[in-house]
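These protein sequence lines are chains A and B, in that order.
Under my numbering, the first residue of the first sequence carries the number 1, and numbering increases by one thereafter.
Under my numbering, the first residue of the second sequence carries the number 1001, and numbering increases by one thereafter.
Wrong hints could be hidden among the right ones.
[Claimed, not checked] Using 25 Å as the maximum straight-line C-alpha spacing, the simulated SDA-like pairs for lysine to any residue come out as follows: (1) K1085/B <-> G216/A; (2) K94/A <-> V235/A; (3) K1085/B <-> A222/A; (4) K94/A <-> L238/A; (5) K1085/B <-> I41/A; (6) K154/A <-> G174/A; (7) K1085/B <-> M203/A; (8) K1085/B <-> I33/A.
These aren't lab readings, by the way, just hints derived from the structure by calculation.
From a predicted model like this one, the values you see are computed outputs, not experimental measurements.
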Amino acid sequence: MEQEQGTWLEFLYLIKLGPFDLGSLHIPRFALIPHWVPMAIPLSVFVAIMLAVIGYVGMRRRERIPHGLQNVLEMAVESLEGLSRTLLGDQGPKFAPFLGTFFLYILLMNLLGLLPGFASPTANLNITLGLALIVFVVVQYYGLQNNGPWGYLKHFTGDIWWLVPLIFPVHVIGELVRPISLSLRLFGNILGEETVIAMLVGMSFLSFKVHGLLVGLPLPFALPMMLLALFTGTVQALVFTLLTAAYLAGTMAHPEAEAH
Amino acid sequence: MLYLFGLVLAAGFAVSVAAFAGALAQGRAVASAMEAIGRQPEATGRIQFALIIGLAFIESLTIYALLIALFILGPRLPVTAEIIKLLGR
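Build out the structure end to end from the sequences listed, making use of the hints.
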């Protein structure tokens, strides 16, 4: 029943509490995290906590002229705000926390798989689907809020009025496919990278006999793939953020939107 | 045995054809982006953003093919099954 999870956070599955007997209520012995929870969930919570801790520690003593960690954090926030402003125009800074959090969270989750003893939470479809559904809900909400219900429906019709019965389902399906494509793109990229690295690591272990003693020599054949995984992890986080921003820009008044 | 042969052939061809078609399409996208940058260097930032988004769309189709190949191979070939179980949590 106890399956090895293989990461540093495995101890959370092994801590057992109870049994508790509170008068009429009897709680049997249970584990802190049930065994059916995939490893990606505690890992993603770990990433979120790391981000919060880094933010808190960096901004504990705020100085006008930043040094050290505060400097790095301010650089990150400035560049993310610049990105939002480039993509969304005047409304950019309003969405900067949203887009910035997505970018940093997905980036750290992607890169977590390269550290020994960890795995990328984004290699699990549940995590990426959750992120994509959040984007979907937020985009629909802002579409309805900015354009009103009638304008929002007109968004799907296109310009030629007698083609509407044909164009409307196409646009609706295109809209519904967005969370699927967002989640599958991120999931497929990161899972593919992880699988290739795992296969290479499995293949690069050289074992031979020295004086009757079995000796193993691990070779760093997976290193180039890990460098590539650094690159694609960053690019996929950026692409997710850019696409979210593009979908948000599509909900705003069309003269401003640049990606249509 | 023929079944495994068919599976491996399908997975191999799926990813190769998808990679080939994807690379062709991405090459054309990058070529026109380079042309646009050459024509108007001050718009490089905006062209780069649009290029990255376009490349992501094209690449995601290739990734779909890879996913299907992995699902085809998934639990039926011994080595892949072990690897997927290692990553499967």
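So which hints don't hold here, by number, going up? none
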